[in-house]
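K.L.:
Work out the full structure, taking the sequences as your base and the hints as a guide.
Number of protein chains: 2
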Amino acid sequence: MRKDHETRKTEIIQSALDLAAQVGVSAVTTQSIADRVGIAQPTIFRHFKTREAIFHAAIEFVASALFKALEPVLAKTGPADKQLRKLFSVHLKFISKRHGVPRLLFSDRLHVEDPRLRETVQNIFARYIGVVSSILKRGAQQGVFRTDIDPDETAKFIAATMQGLFLQWSVSDFNFSLQEQEEKLWNYVWAATGHR
Amino acid sequence: MRKDHETRKTEIIQSALDLAAQVGVSAVTTQSIADRVGIAQPTIFRHFKTREAIFHAAIEFVASALFKALEPVLAKTGPADKQLRKLFSVHLKFISKRHGVPRLLFSDRLHVEDPRLRETVQNIFARYIGVVSSILKRGAQQGVFRTDIDPDETAKFIAATMQGLFLQWSVSDFNFSLQEQEEKLWNYVWAATGHR
DNA sequence: AACCTATGTAAGTGATTACTTACTTACATA
DNA sequence: TATGTAAGTAAGTAATCACTTACATAGGTT
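Each protein sequence line maps, in turn, to chains A and B. In terms of the numbering used here, the first sequence opens at residue 1 and continues consecutively. In terms of the numbering used here, the second sequence opens at residue 1001 and continues consecutively.
Think of the hints as simulated: they come from the structure by calculation, not from any bench. Fair warning: there could be bad hints in the mix.
Calculated lysine-lysine pairs in the PhoX-like style (CA-CA distance at most 25 Å, straight line) [claimed, not checked]:
#1 A/Lys97 / A/Lys86
#2 B/Lys1003 / B/Lys1049
#3 A/Lys184 / B/Lys1184
#4 A/Lys184 / B/Lys1137
#5 B/Lys1086 / B/Lys1068
#6 B/Lys1184 / A/Lys137
P.N.:
Given below as structure tokens:
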């Protein structure tokens, strides 16, 4: 049953995320992770120095997976509005499969208990906003997006609408499909940012 | 030092909210509340049956205060777009003075640990959306808002943009002023919902 | 003055937690 | 085949938590 350090690490991260989805971040104890992985609780500390470190690794794991999923969208060179629309679609699909992400996003651990984690998430937000902003800039040149607004501010606004949707989704206990909201949300965003 | 039941209750609620703002919901222990109020820890249980009940009371206290603050805005009869703009302003000012609110909104307690609390917040969201929706309907009749969109869905979208802003605000550790974002946010919302 | 009720407290209790220590064992490599 | 390293564990430990019990007292009512 003995496994490689890296293998165990990802098993622990995955289990922590699954557990966060099911019981919430604060109930993700080292014991519950260990049970789910199928190892003893002290073994967790062979692979992570502290419980905190597990959540850091989990956030970075998720962010990395998200940007990897967005890569094919960003490589496209067609109309920027179609590209942003596709980014919406991929992002929503990604989150809809990972309930642990909103649980982490709306946790005490992120917001107050772990300032370093907060900084990491701020950086991820900034990176996401940069991605959206560059699409908006390209779209402004193409004449499909408005030219009278700051792309960075607009990207922040777009990120906020999605994050707000995730909040409502989590508070509803994931009781509606994100994808079914995609079209509606896009219509508002398009109305606010599209060239007339 | 002996005080009225109702007086102590509100003291406990206020202290819980202040603590939530400073140290996060999960660190709001009955001991820390008691210390802040200036009573012994078991005395908390003279006024609230469980710790859970304190958060329920806090949420209802805040919601009641918010809708009371919005009342004068809702009473107005002028142009609906000006009314919605004013609602934005009052809402943002209200939240900016109460850091405990986003802490509660982005807590494990709300999202997973207490399903009843989640339901309560869902109802508050629904009430807020109803308020915004009725302004949008009035504005559609006045010809200032779009008539080709569902007011309820639009209200949900508007709520999401504000909630997303609150998320970014909390993750930044309240490091920017909500009011300075008001104008920008309004411009996007107005572009998405105003009649052309 | 007697009494009652509600607010108050000191001193627990049992459950849970992240993390440690001391020891074991699987396994790649020399 | 011998050996070092790293993955594994059982059994703690000290701290923290919500909540309870048993008792004290303030202050309004009679």
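K.L.:
It remains to establish, for every hint, whether it holds in the given structure.
P.N.:
Verification of the supplied hints:
no.	hint	verdict
1	A/Lys97 / A/Lys86	holds (17 Å)
2	B/Lys1003 / B/Lys1049	holds (18 Å)
3	A/Lys184 / B/Lys1184	holds (22 Å)
4	A/Lys184 / B/Lys1137	holds (18 Å)
5	B/Lys1086 / B/Lys1068	holds (14 Å)
6	B/Lys1184 / A/Lys137	holds (18 Å)
Violated hints: none; the structure is consistent with every hint.
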